[in-house]
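The primary structure of each chain is shown beneath.
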Amino acid sequence: MEYWTGVLVISGINLIAILGVALFTGFTGLFSFGHGGFMAIGAYASALFAIRAGVPVPLGWAMGAVLAGAVSVLIGYPALRLRGDYFVIATLGFGETIRLLVENSHKLTGGARGLPDIPPGVNIWVVLVLDLMAIIALRNFIGSRHGRNCVAVREEETAAETVGIDTTRYKTIALAISAGLAGLSGALMASWIRYLHPSMFGLNKSTEITIAVILGGQGTLTGAVLAAMLLIPLPEVLRMAQEWRLVAYGLIVVLISVLRPEGLFGYREITFEGFRRLCRRPPSPPSGPVLNGEEASP
Amino acid sequence: MLQQIVNGLSIGSVYALMAVGYSLVYSLLNFTNFAHGVVVTAGAYLAFFTLTLVRPSFAVALLAAMVGGGLLSITYEILAYRPLLIKGGRRLFLIIAGLGISTIGENLIILRIGGRFKAYPPIFPMEPLHVGPVEIAVVDIMIVAVSLIALLIFQLIISRTRAGLAIRAAAHNLATAGLMGVNSDALVILVFLIAGTLAGLAGIFLGVKYTAYPQLGAMTLKAFISAVFGGLGSLPGAVAGAYALGILETFVSAYISSSMRDVFSFLLLVLVLLFRPQGLMGRPSGEKA
Amino acid sequence: MTRGMIWLARRTIMVILVILLTTAIVAGCVGEKKAPAPAPEAEKPAEAPKEKPPISIGYLGPLTGDGAPWGKAELNTLEMLVEDMNQKGGLLGRKIKLSSYDNRMDQVETTNAARKLIEQNKVVAIIGTNSSSASIALAGVAEQYKIPHVATTATNPAVTVKESKVRPFSFRVCFIDPQQGAIMAKFAFDELKAKKVAVLYEVGSDYSVGLSEFFQKSFKALGGEIVAVEAYKTGDVDFRAQLTKIKAAKPDAIWLPALYKEIGLAANQARQLGIKSTLLGGDSWFNLDLFTVAKAAVEGSYLVQPVAMDDPGLNDFKARYKAKYGSEPGAEGANAFFANDAFSVLIDSIKRAGADDPLKIRDELEKTKALPGITGTLTISKDDHNPVDKEGVILKMEAGKYVFVKRTKP
Numbered sequence: 031m032e033y034w035t036g037v038l039v040i041s042g043i044n045l046i047a048i049l050g051v052a053l054f055t056g057f058t059g060l061f062s063f064g065h066g067g068f069m070a071i072g073a074y075a076s077a078l079f080a081i082r083a084g085v086p087v088p089l090g091w092a093m094g095a096v097l098a099g100a101v102s103v104l105i106g107y108p109a110l111r112l113r114g115d116y117f118v119i120a121t122l123g124f125g126e127t128i129r130l131l132v133e134n135s136h137k138l139t140g141g142a143r144g145l146p147d148i149p150p151g152v153n154i155w156v157v158l159v160l161d162l163m164a165i166i167a168l169r170n171f172i173g174s175r176h177g178r179n180c181v182a183v184r185e186e187e188t189a190a191e192t193v194g195i196d197t198t199r200y201k202t203i204a205l206a207i208s209a210g211l212a213g214l215s216g217a218l219m220a221s222w223i224r225y226l227h228p229s230m231f232g233l234n235k236s237t238e239i240t241i242a243v244i245l246g247g248q249g250t251l252t253g254a255v256l257a258a259m260l261l262i263p264l265p266e267v268l269r270m271a272q273e274w275r276l277v278a279y280g281l282i283v284v285l286i287s288v289l290r291p292e293g294l295f296g297y298r299e300i301t302f303e304g305f306r307r308l309c310r311r312p313p314s315p316p317s318g319p320v321l322n323g324e325e326a327s328p
Numbered sequence: 368m369l370q371q372i373v374n375g376l377s378i379g380s381v382y383a384l385m386a387v388g389y390s391l392v393y394s395l396l397n398f399t400n401f402a403h404g405v406v407v408t409a410g411a412y413l414a415f416f417t418l419t420l421v422r423p424s425f426a427v428a429l430l431a432a433m434v435g436g437g438l439l440s441i442t443y444e445i446l447a448y449r450p451l452l453i454k455g456g457r458r459l460f461l462i463i464a465g466l467g468i469s470t471i472g473e474n475l476i477i478l479r480i481g482g483r484f485k486a487y488p489p490i491f492p493m494e495p496l497h498v499g500p501v502e503i504a505v506v507d508i509m510i511v512a513v514s515l516i517a518l519l520i521f522q523l524i525i526s527r528t529r530a531g532l533a534i535r536a537a538a539h540n541l542a543t544a545g546l547m548g549v550n551s552d553a554l555v556i557l558v559f560l561i562a563g564t565l566a567g568l569a570g571i572f573l574g575v576k577y578t579a580y581p582q583l584g585a586m587t588l589k590a591f592i593s594a595v596f597g598g599l600g601s602l603p604g605a606v607a608g609a610y611a612l613g614i615l616e617t618f619v620s621a622y623i624s625s626s627m628r629d630v631f632s633f634l635l636l637v638l639v640l641l642f643r644p645q646g647l648m649g650r651p652s653g654e655k656a
Numbered sequence: 019m020t021r022g023m024i025w026l027a028r029r030t031i032m033v034i035l036v037i038l039l040t041t042a043i044v045a046g047c048v049g050e051k052k053a054p055a056p057a058p059e060a061e062k063p064a065e066a067p068k069e070k071p072p073i074s075i076g077y078l079g080p081l082t083g084d085g086a087p088w089g090k091a092e093l094n095t096l097e098m099l100v101e102d103m104n105q106k107g108g109l110l111g112r113k114i115k116l117s118s119y120d121n122r123m124d125q126v127e128t129t130n131a132a133r134k135l136i137e138q139n140k141v142v143a144i145i146g147t148n149s150s151s152a153s154i155a156l157a158g159v160a161e162q163y164k165i166p167h168v169a170t171t172a173t174n175p176a177v178t179v180k181e182s183k184v185r186p187f188s189f190r191v192c193f194i195d196p197q198q199g200a201i202m203a204k205f206a207f208d209e210l211k212a213k214k215v216a217v218l219y220e221v222g223s224d225y226s227v228g229l230s231e232f233f234q235k236s237f238k239a240l241g242g243e244i245v246a247v248e249a250y251k252t253g254d255v256d257f258r259a260q261l262t263k264i265k266a267a268k269p270d271a272i273w274l275p276a277l278y279k280e281i282g283l284a285a286n287q288a289r290q291l292g293i294k295s296t297l298l299g300g301d302s303w304f305n306l307d308l309f310t311v312a313k314a315a316v317e318g319s320y321l322v323q324p325v326a327m328d329d330p331g332l333n334d335f336k337a338r339y340k341a342k343y344g345s346e347p348g349a350e351g352a353n354a355f356f357a358n359d360a361f362s363v364l365i366d367s368i369k370r371a372g373a374d375d376p377l378k379i380r381d382e383l384e385k386t387k388a389l390p391g392i393t394g395t396l397t398i399s400k401d402d403h404n405p406v407d408k409e410g411v412i413l414k415m416e417a418g419k420y421v422f423v424k425r426t427k428p
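Protein chains in written order, with the working numbering: chain C, 31 to 328; chain D, 368 to 656; chain L, 19 to 428.
Derived from the structure by calculation, the hints contain no laboratory data. Any given hint might turn out to be false.
[What the hints assert, rightly or not] Taking lysine-lysine pairs in the BS3-like style, the calculated list, with each CA pair at most 30 Å apart, reads:
1. C:Lys137 to L:Lys340
2. L:Lys387 to L:Lys140
3. L:Lys164 to L:Lys214
4. C:Lys137 to L:Lys378
5. C:Lys137 to L:Lys180
6. C:Lys137 to L:Lys251
7. L:Lys204 to L:Lys140
8. L:Lys90 to L:Lys268
9. L:Lys400 to L:Lys378
10. C:Lys137 to L:Lys90
11. L:Lys238 to C:Lys137
12. C:Lys137 to L:Lys387
Assemble the whole structure, with the sequences as input and the hints as a guide.
Following this line, the structure appears as structure tokens:
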């Protein structure tokens, strides 16, 4: 059973990054193929702080997350002015650059030989608590005025600008939050696997996260959670058919894009309110002819 | 130093073949076709099997690669991109679908054909040509020659034929071209056919130079950077960007550090996008209100 | 459809989905518990009721991907040996159960698979892996869980020694890169009379980086000169920029501790640039595929091997392997032979330990002395967990074949 706990932990860790990208892509409408880079920053920073500077592990996580967020703002400042395709490409370029920089600074990070023996600190409870905190925090953010502004950016950016919303500011906020969450995710990953290698955070990782968000659907956190729980454990469940995993991934991506772009749960959420509505009796049709202009009551 | 320039040009010509395909699709449909890499890889494998199983003739293999590439290209256009385009899907879903196709293709190859490389039987002589102080591989001359011919033919098609006129019109505005009587569906197919053919061509040359292996398509990322560098939407730009990138990369490798070469390329990409998104020769893209 | 019917339909679908999902999860968990080792088991079907539980050991290696020939050869060997042993009564009166996972020669995959072997399959020892980078990753997990592992052909010293301290749970049965580098450096300097050598290595590979450094150290100590050191990234296929610089330095020979097709491509490109220097390689150069890629280019190159492939001591093993699998091992390198010896060392240690306790096994592994193996006599050193007194062999590539040149000690 310990093994499956491990699978849950990995899913939960990835979920944090996926939630972040859900905010960025699902709610603010910006696609990114570079969030793996932010995970890398969080991972390596927290690992190195813990190993080289003896920083207590949880503090290392926080520092990793903050660093990732900070770097994202630096990058975001020029990059967010780009439109459409160009921005996506820039994120791709950025993600790869980070990975390459890590790979090339082997004195610091071990480079392509990996960084082993990272101190531990993650267990299923830590992950669950952090996941819940992230979900609650994001729900509140999305429900707030700031969240609605982000959605406005997604829906119709030019109109949003016209109404006076500083779109660049909100894009930057979304970017910083998603990058910070990705950084936290990376830091947790480092403490869990206790071994880091630049290939863990390359284009494959970035794509995996973005695909999870798309699969889950835009504008929904529930979708992101569902997608994470489906996609991340999949390679373990399908260990026998390991090689087909990637083909399956690609197939899912294509099918979703073509057939159901709104994903599993697009624009909808599982909420307590929704659950209550589920349990109420079905609306009954008006019975028989209407007498004196009154409808029969339900 | 001269040799390094030659090295750079040799890499550049391969990039150029692939970059033109990217630029073509972009100029017409305004999105980046990430499935391009798969066609290149497929071309390389098709050529390999033709050479080993059918007939060890370069010309035949070349044809096979080009035809195969074109057909594959059209296939995924019809299956994946067309439904999206019809629905008026967001560009970004097209990009993602392209990535998906690329993943499927690469891993199908690994599964069905095997992850190890396939070495081509020797086609071109190994002995390089000595031109002054410089060594030039025969295969590189072939690549430059064939690419130039292909691009020339392509240029002629664009500027002299009706189809070419239609393409140019559609590149300006697909919808209006449709109003003018251009069958935009057929046009899109034509464009993908051409792009696929060029990709297949790139594939066989890559296979000759580097053997056929499943991750061959990853090199198209460099071609993509070339296209961006030269200006997405401009075909001469793609070619220029490709050669420029090839030479720059080689120089970075030679005079700074070989391991930093890719960092440089990606940084270049990012910098170009930040400061001159239209690249060397492209048209600036702004969104109209 | 009335609104009521639509509502009913939706609810039904949702309920069905939830039931399906739950069933899938439960089935997955239960299914996994029932079949703890989805990988092939080498257990003989019991004819008599087993009283004692089997001894569980694991194997990690590349079963898919570029390294697949190596992993498959090793796994075949182990399965054959386990089957033979079980038929003869097993070990300590118990059957041996071998579980194996594919690590695709990837470090991260190795850590995942290792955890799975230890937590799910409950192995008491692991044979693996064949590559240095993956073995180093495995070493970390082994240390964490206190399960010993024996590497087959991983040659980087860091597999068993970390910052001058031996890794308590890591062992190997092959020579190490300092020895390889020294062997070739001496051969190049003394026999080939090479005074100036250039190096081209892969930045992302522990193996390549280590081998490059050790060669350089030995060569310089002998009085030779390293005239150029160039590197390339994993996945690169064009080395002309680096080779052009190497050519300008006019080396007598080029040390090329590369892997897979990069060897062939680099060789081809070197010749295309007009470089005539002799090419030198390590144990990764033993790969018949090289002749398809670069036959002319590698003509006259030399490589170090951990064992002479046509050593008569290997014949018995080769015959057994061929009888079972239809082809002789060795085309892909010496992996099968080292897997055999890793197994021998492990079994011998378990016997001496008298139990399948990982800590006791580890202690006995350290005490392995003068155990006859097919790659030589095996004595494991307590200081670095490496076999003592290992020789190397120099081969030459001629006319599409590997030709024995000499046997030598570092």
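* Asked: CA of lysine 90 of chain L to CA of lysine 268 of chain L, is that 30 Å or under?
  -> 41 Å, violated
* Pair hint lysine 400 of chain L and lysine 378 of chain L, alpha-carbon separation not exceeding 30 Å -> 15 Å, holds
* To do: Given the hint that lysine 137 of chain C pairs with lysine 180 of chain L, test it: the Cα-Cα distance must not exceed 30 Å.
  => 16 Å, holds
* Are the Cα atoms of lysine 137 of chain C and lysine 387 of chain L separated by 30 Å or less? -> 38 Å, violated
* Asked: Quick one, are lysine 204 of chain L and lysine 140 of chain L close enough, alpha carbons at most 30 Å?
  -> 45 Å, violated
* Holds or violated: are the alpha carbons of lysine 137 of chain C and lysine 251 of chain L at most 30 Å from each other? -> 16 Å, holds
* To do: Please work out if lysine 137 of chain C and lysine 378 of chain L have their alpha carbons no farther apart than 30 Å.
  => 37 Å, violated
* If you draw a straight line from the CA of lysine 387 of chain L to the CA of lysine 140 of chain L, is it 30 Å or shorter? -> Holds, because 28 Å separates the two Cα atoms, which is no more than 30 Å.
* Pair hint outcome, lysine 137 of chain C versus lysine 90 of chain L [Cα-Cα no greater than 30 Å] -> 35 Å, violated
* Given hint lysine 214 of chain L paired with lysine 164 of chain L - CA-CA distance at most 30 Å -> 46 Å, violated
* Asked: Is the straight-line distance between the alpha-carbon of lysine 238 of chain L and that of lysine 137 of chain C 30 Å or less?
  -> Holds: lysine 238 of chain L and lysine 137 of chain C sit about 23 Å apart, inside 30 Å.
* Hint consistency between lysine 137 of chain C and lysine 340 of chain L [alpha-carbon to alpha-carbon, up to 30 Å] -> Measuring from Cα to Cα gives roughly 46 Å; hence the hint is violated.
The earlier numbered hints that this structure contradicts are 1, 3, 4, 7, 8, 10, 12.
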